[in-house]
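Keeping the supplied structure of chain A fixed, place chain B with the ligands upon it in accordance with the hints.
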Amino acid sequence: MERFLLKRAIVLVVTLTLVSFLAFLVPWIGDTDPARAIIRSRVADLAMDSAAVEALRIKLGLDQPLLHQFFTWLGRVFQGDLGLSFTSRLPVADQILRAIGVSATLALSALFLALAIALPVGTLAAVHQGRRFDGIVTFIAQGFVSIPEYWLAPVLVLLFAVELGWLPSAGWSGFETLILPAAVLCLRPLAYFSQVMRASMIDVLHANYILAARSRGLGLAGALVRHGLRNGIQPVLTVFALWLAGLLGGSVVVEVIFAIPGMGRLIYSAVINNDMPMLQGSIICIVGLAIVINTTADVLYGVLNPTVTVSGDAR
Amino acid sequence: MISPGDTPCLKVENLDISIGDAVAVARGINLEIRRGETVALVGESGSGKTVTALSLIDLLPPPLKVTRGSVSICGQKITRAAPDALNRIRGNRVGMIFQQPSSMLDPSCRVGRQVGEALRLHRRASRGEAFERAVELLREVGIPEADRRARSFAHQLSGGMAQRVMIAAALSSDPDLLIADEPTTALDVTVQAQILGLLEKEKKQRTLSILLITHDLSIVSAMADRVVVMYAGGIVEEGPVATIMRAPQHPYTKALIDCSLMRTAGGGDLESIPGTIPPPTRSIPGCRFHPRCPHALARRQESACAREEPAATRTAAGHLVHCWAAEP
Ligand SMILES: Nc1ncnc2c1ncn2[C@@H]1O[C@H](COP(=O)(O)OP(=O)(O)OP(=O)(O)O)[C@@H](O)[C@H]1O
Ligand code: SF4
Ligand SMILES: [Mg+2]
Chain A
1 MERFLLKRAI VLVVTLTLVS FLAFLVPWIG DTDPARAIIR SRVADLAMDS AAVEALRIKL
61 GLDQPLLHQF FTWLGRVFQG DLGLSFTSRL PVADQILRAI GVSATLALSA LFLALAIALP
121 VGTLAAVHQG RRFDGIVTFI AQGFVSIPEY WLAPVLVLLF AVELGWLPSA GWSGFETLIL
181 PAAVLCLRPL AYFSQVMRAS MIDVLHANYI LAARSRGLGL AGALVRHGLR NGIQPVLTVF
241 ALWLAGLLGG SVVVEVIFAI PGMGRLIYSA VINNDMPMLQ GSIICIVGLA IVINTTADVL
301 YGVLNPTVTV SGDAR
Chain B
316 MISPGDTPCL KVENLDISIG DAVAVARGIN LEIRRGETVA LVGESGSGKT VTALSLIDLL
376 PPPLKVTRGS VSICGQKITR AAPDALNRIR GNRVGMIFQQ PSSMLDPSCR VGRQVGEALR
436 LHRRASRGEA FERAVELLRE VGIPEADRRA RSFAHQLSGG MAQRVMIAAA LSSDPDLLIA
496 DEPTTALDVT VQAQILGLLE KEKKQRTLSI LLITHDLSIV SAMADRVVVM YAGGIVEEGP
556 VATIMRAPQH PYTKALIDCS LMRTAGGGDL ESIPGTIPPP TRSIPGCRFH PRCPHALARR
616 QESACAREEP AATRTAAGHL VHCWAAEP
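Chains as they are written, first to last, in the numbering used here: chain A, 1 to 315; chain B, 316 to 643.
Bear in mind the hints are in silico, worked out from the structure with no lab data behind them.
Just so it is clear, the structure is predicted and the values come from calculations on it, not from any experiment.
Note that the Cβ used here is the ideal one computed from N, Cα and C, for glycine as well.
Check the hints yourself; a few may be wrong.
What the hints assert, rightly or not - On the chain B side, residues computed to face chain A include the following (Cβ under 10 angstroms):
no., residue
1, 376
2, 379
3, 380
4, 382
5, 384
6, 401
7, 407
8, 411
9, 412
10, 429
11, 432
12, 484
13, 538
14, 574
So here's chain A without its partners, still in its complex pose:
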């Protein structure tokens, strides 16, 4: 177990360093000169004084070798300093922190809702494989996958906010504003989770250890709860981590439609406004978080599945 954790930790550090280097290179993509971009953002004047640009370049250390710049920059990143936004002039880190909190709340609500429905539904579909319940579940799952969010979101708003008046149509002010966007976001993961759970429980149902457990006197339900779920849930956990990593970056469509101040909207406006520090910071935070989440999922997977972590000593 210790060796397994150490290996994971080393991989984590290496990938995080690589990612931050790529994020660091963002302003160099294309031929925008960072110094020029900064001045443009402050002066908003196209006729730029080349002496001023040069002075700023030296002041910001942009004349130093690239690697040197990278490590200075990384040092600041580690202290939580991601620079100031070109547009708002506020610290990028603060804004990202707030937006990630919002997106994470939304993502976790949607994903746990999806998981809570998918685990029992997928298991039941597996038990009833090939029968009517299974067919209905597969049909609905396919439907959920193909409903676009930009269509579903306005429809739900029209129905529940405008027509029925049960829920607010947009905004971010507590539980009520969470319901509609979480419902929209959860459908696709729900479809995937339930299908993955179904497939993996079908394997589990045919597993010899379920037969052996039943030969000891456990009913089918008992054998599935005691010996099936823990083995069957493992593939779902992997997919869950992928979705969580993806959704923490925010869903642009849902956040824009529901006016939610999350990462999706933050990145959307950073791209539109060419806000380099904001983009850099967002990339580091989102990709970094995704990597951390996947590593955590790996470790959890190892805890659930001892063949990964507990080394064998057969004798």
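Chain B with the ligands in isolation, oriented as in the chain A frame:
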């Protein structure tokens, strides 16, 4: 030793097992095991041994199902019994061990918990009691450092160890009957002997009846009191082990024993029975064995072998033989 009035530990009457409603994989199985008796069920691969064994505890995987006949264990009817009643019998009155012991253990559940599971279910043992008893049982089946082993997982055990664990689990709530489906087939020869020795020991310590399923005749003489020979889903001969091995009456049993003798003698040409066991989907009129039967009668034109299923004959040696050539 065994009073005739005793309810048999296992009684199977006229059992038919089919795939769906159409294809029969076992037909007209009659089987009886008395208390403390070991019966060997032998036959080639595909003859229907596993299917028969699973039907005894009503755990046939669909689409397989019992279409006729009945099974009772210790006088309790298994066929068409309520699910709750079945759950009270499985693991309690009957234990079962299988051919692939490692895959029979839940990979993510500690071995000790699985061994103690039947105690939790049938003896209402607490988690701690069950685990303690599991450690004792593991010690009893010859697992060194049992308390440490109880905390390990299936992938940390060798095949032989896993089979010992399965035996401990199957015997934990002291059943009357143990069904052992090829318990040593997947193991090394030396480990095979150890496992069989363990089964012998357990049988002596408890009043345990065993249904020992195997295609290896060499383990039959050492273990069994009686032998039941199966071919293509039907029983062809049964009788006491000594006379079956010495004087088999059915041509198939003879061929099977000849094969096994040649194999143990290590003779150059391992001549097996010519031909193969027919798949259940192939319908064969008369005796299912007649296309492969070396007996003169089967060769004769117009003989009953190809027309009519042979009736059971009780021979002088006390065998029940399903063959037209058998003499009472
Ligand atoms: N799940 C199943 N579905 C359909 N047919 C099956 C199934 N399991 C077994 N059979 C068929 O039933 C027949 C008997 O198989 P069974 O496994 O009982 O043989 P066996 O005597 O145990 O052989 P082996 O020595 O290989 O274990 C075979 O023809 C097999 O094809
Ligand atoms: S009945 Fe005929 S074919 Fe069948 S085993 Fe006897 S002799 Fe052979
Ligand atoms: Mg078998």
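Taking the hints in turn, this is what the structure says about them:
no. : hint : result
1   : 376  : holds (8 angstroms)
2   : 379  : violated (13 angstroms)
3   : 380  : violated (16 angstroms)
4   : 382  : violated (21 angstroms)
5   : 384  : violated (21 angstroms)
6   : 401  : holds (8 angstroms)
7   : 407  : holds (6 angstroms)
8   : 411  : holds (4 angstroms)
9   : 412  : holds (9 angstroms)
10  : 429  : holds (8 angstroms)
11  : 432  : holds (5 angstroms)
12  : 484  : holds (7 angstroms)
13  : 538  : violated (21 angstroms)
14  : 574  : violated (29 angstroms)
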